[in-house]
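Visitor: Sequence:
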Amino acid sequence: MAYPSDLTDEQWALLKPVLNAPGKRGRKHGDDLRLVVDAMLYIAQTGCQWRYLPESFGPWTRVWSQFRRWSRNGTWARALTVLHTAARKAEGRAEATPSMVVIDTHLARGGSNGGATFHDRGGPFGRTKGAKRVVAVDVTGLPVTGLVVPASMHENETTRVVLDHLARQGVTERLELVLVDRGVSARAADKLGRRHSVEVRRVGWDDKQPVFRPIRHAWRVEVAHGRLGRSRRLAKSFENTTASATGWLQVVCIATTLRHIASARTRALVLAAAS
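So the sequence shown is numbered by the working numbering: it starts at 69 and just counts up by one.
Careful, some of the hints might be misleading.
Distance windows between CB atoms, simulated [as the list claims (entries may be wrong)]:
hint : residue 1 : residue 2 : range
1    : Asp74     : Gly142    : 22 to 32 Å
2    : Pro282    : Arg333    : 21 to 31 Å
3    : Thr76     : Arg137    : 33 to 43 Å
It is worth saying that the hints were derived from the structure and are not from the lab. Bear in mind that the values here come from a model prediction, so they are computed numbers and not experimental data. Beta carbons are placed, not taken as given, at the ideal position from N, Cα and C, and that holds for glycine.
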């Protein structure tokens with residue numbers, strides 16, 4: 069049975085080289101991994117619990133173990149980097165990596181039940197118990213990366229964590245400008261800028277107006293958070309570890325990027341036919 073969240077042949081062709089990369093041990097999997105990825109995308113979109121996964125996807129324990137493995141070894145992050153490059157190409161961008169990114173956080177309320185958890189208090193006055201989702205987007209509004217950290221982590225530290233992660237992913241080669249909100253201190257912005265040889269610019273309005281006014285380019289990350297939040301698995305932070313929470317955030321980022329690539333290619337075909 070097919071679901072709307074299932075991968076198309078073109079989408080699987082983009083993901084397969086990353087997810088099926090040979091390791092130090094174990095056999096390479098074939099297209100059977102596609103069903104496992106479809107199951108993860110189904111959970112991400114619908115928000116169902118592992119044990120409620122439809123039988124058509126096979127044993128839920130197999131899907132769970134593969135998700136856990138990819139979340140821990142950085143596979144999702146590498147897949148998102150590859151897809152982001154493909155998305156920029158589909159948009160007609162000349163360079164594979166961005167020269168500007170916007171970083172912002174979103175506080176998700178904790179919804180885990182018992183057990184060891186990284187959820188703690190954060191947000192305004194420290195009243196919200198949950199986790200912070202940190203997303204970096206480029207000028208197209210597509211997520212370059214996404215990470216989850218404890219809610220109590222300061223904006224200075226979350227920005228450092230994201231920039232270090234982007235550097236490890238090889239995304240900072242062309243990076244010149246990083247936009248952050250004023251939760252990041254001027255001193256921290258200057259220090260991070262020197263560390264990564266980029267300009268870290270704090271943006272925001274000085275006056276407290278009750279009317280929403282978008283900030284040039286910075287509004288794109290707010291839109292990204294809104295789009296990611298449409299996936300039911302991200303309705304709350306249901307996970308008990310940062311690795312699992314980050315894995316689901318990156319899965320949703322991947323799904324969003326795949327849909328954008330499909331839309332961009334469709335637009336290109338329509339324009340080509342019209343001309």
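Visitor: Which hint numbers doesn't this structure obey?
Guide: 3
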